[in-house]
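**Q** So the chains spell out like this:
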Amino acid sequence: MHMSDGLLNAPVSVAFLVVAAVGVGFALIKSRADLDDRTAPMAGLVATFIFAVQMINFPILPGASGHLLGGALAAILVGPYVGALCVTIVLVVQALLFADGGLTALGANVTNMALIGTATGFLVAVALRKVAERGKGGLAAVAFVSAFINTVVAATGFVVEYAIGGAGGVEIGKVALLMWGLHALIGIGEGLITAVTVTSVAAIRPDLVYLLRGTKKPLEVRS
Amino acid sequence: MKKFFIGFAVVSLLIAGVLSYFASGSPDGLDKTVEDTGIAEHAREHPFAGSTFADYAFGGDDRFTGLAGVLGVVVVLAVSFGLFWLLRKKSDAQKSDAQKSDAR
Chain A
1 MHMSDGLLNA
11 PVSVAFLVVA
21 AVGVGFALIK
31 SRADLDDRTA
41 PMAGLVATFI
51 FAVQMINFPI
61 LPGASGHLLG
71 GALAAILVGP
81 YVGALCVTIV
91 LVVQALLFAD
101 GGLTALGANV
111 TNMALIGTAT
121 GFLVAVALRK
131 VAERGKGGLA
141 AVAFVSAFIN
151 TVVAATGFVV
161 EYAIGGAGGV
171 EIGKVALLMW
181 GLHALIGIGE
191 GLITAVTVTS
201 VAAIRPDLVY
211 LLRGTKKPLE
221 VRS
Chain B
224 MKKFFIGFAV
234 VSLLIAGVLS
244 YFASGSPDGL
254 DKTVEDTGIA
264 EHAREHPFAG
274 STFADYAFGG
284 DDRFTGLAGV
294 LGVVVVLAVS
304 FGLFWLLRKK
314 SDAQKSDAQK
324 SDAR
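Quick mapping for you: the protein sequence lines, in order, are chains A and B.
Residue numbers are given in our numbering: position 105 of the first sequence equals residue 105, and the series is strictly consecutive.
If you want our numbering, it's the position in the second sequence, counting the first as 1, plus 223.
Treat the hints loosely; a few may be bogus.
What the hints assert, rightly or not - Computed beta-carbon distance windows for the label pairs:
1) G305(B) - K30(A): 16 to 26 Å
2) K313(B) - V126(A): 26 to 36 Å
3) G230(B) - K30(A): 24 to 34 Å
4) E268(B) - V131(A): 25 to 35 Å
5) K225(B) - G169(A): 47 to 57 Å
6) K225(B) - I172(A): 26 to 36 Å
7) P62(A) - G283(B): 23 to 33 Å
8) E264(B) - L61(A): 15 to 25 Å
9) A33(A) - G305(B): 12 to 22 Å
To be verified - Straight-line distance between alpha carbons at most 25 Å, and here's what the computed DSS-like set of lysine-lysine pairs gives:
10) K312(B) - K225(B)
11) K136(A) - K226(B)
12) K226(B) - K312(B)
13) K313(B) - K225(B)
14) K226(B) - K313(B)
15) K313(B) - K30(A)
16) K30(A) - K312(B)
17) K225(B) - K136(A)
As the list claims (entries may be wrong) - Which chain A residues face chain B? A few, computed with CB under 8 Å, are given here:
18) F58
19) V90
20) G166
Keep in mind the hints are simulated off the structure, nothing from the lab.
Note that CB positions come from ideal geometry on N, CA and C, so glycine has one too.
Using the sequences plus the hints, can you model the full thing?
**A** Below, the structure is given as structure tokens:
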């Protein structure tokens with residue numbers, strides 16, 4: 001979901017660079033409370049894993065593919081603030097080292113995938129925390145649903161940005177329909193990857209799953 | 224504890240270094256949307272499109288995708304680990320260590 005430069009006009013691109021900078025700055029400040037000697041290495045590995053999995057485009061329709069965004073995955077494993085930073089680092093490295101995602105578009109890309117995606121994934125996961133605490137099946141279901149919604153809402157970010165100041169003046173309904181349709185399918189893949197990843201971590205190291213922190217009884221997740 | 228972290232890193236390396244060869248080459252959801260609507264005509268070339276590892280290749284040769292993937296894993300791990308390690312709350316023992324070294 002990395003947009004190139006030129007799809008949004010210059011003022012909108014700059015505006016979202018500001019939005020992204022404010023959001024990432026806020027996440028930097030808030031993340032400190034969630035990072036210690038144990039969770040800091042975990043956060044680094046979560047960012048690394050998201051980078052790796054984002055390379056794997058999976059087919060959704062003939063001639064169309066999708067890849068993990070990682071917002072819900074990061075939020076469930078390391079919390080919303082650290083999670084937003086994980087996805088941001090991935091997007092910055094992709095743009096600078098691999099020419100993947102434009103430079104003026106970086107603000108909008110960070111806003112959609114790192115901020116909107118992670119916040120949405122986290123809010124859905126927290127709303128369903130009681131289900132996640134029930135065991136492996138519950139955690140998998142919560143991971144799937146929050147990842148699916150994070151994908152569709154992040155896609156909506158592009159629709160809104162295009163409506164405010166997109167190039168070419170294409171009817172917004174057409175853009176929205178395509179984005180939502182395609183990302184509903186991509187969201188299924190995002191949900192599956194997130195569910196498998198989160199339950200795998202929980203099976204080995206449940207203490208490293210942010211969403212389950214503070215759970216009264218230790219979760220029994222056995223594979 | 225270390226085993227888990229090493230395992231997690233190895234999984235990431237294998238995904239980026241090996242599984243990446245099996246990724247679909249079709250446009251992703253956003254690219255497909257902008258192509259089908261004609262918005263893509265307005266896309267500008269990436270300023271770094273000619274750089275060594277552009278598009279997860281090596282000098283434009285995508286037989287080296289796995290190499291680019293491994294490089295990306297190493298860079299993301301170094302940047303993120305470094306940032307999160309600096310941001311983390313230090314334990315009390317480390318705090319007093321830090322104070323001692325500051326005093327020196």
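**Q** Any hints from earlier that this structure breaks? Give me their numbers in increasing order, please.
**A** 4, 6
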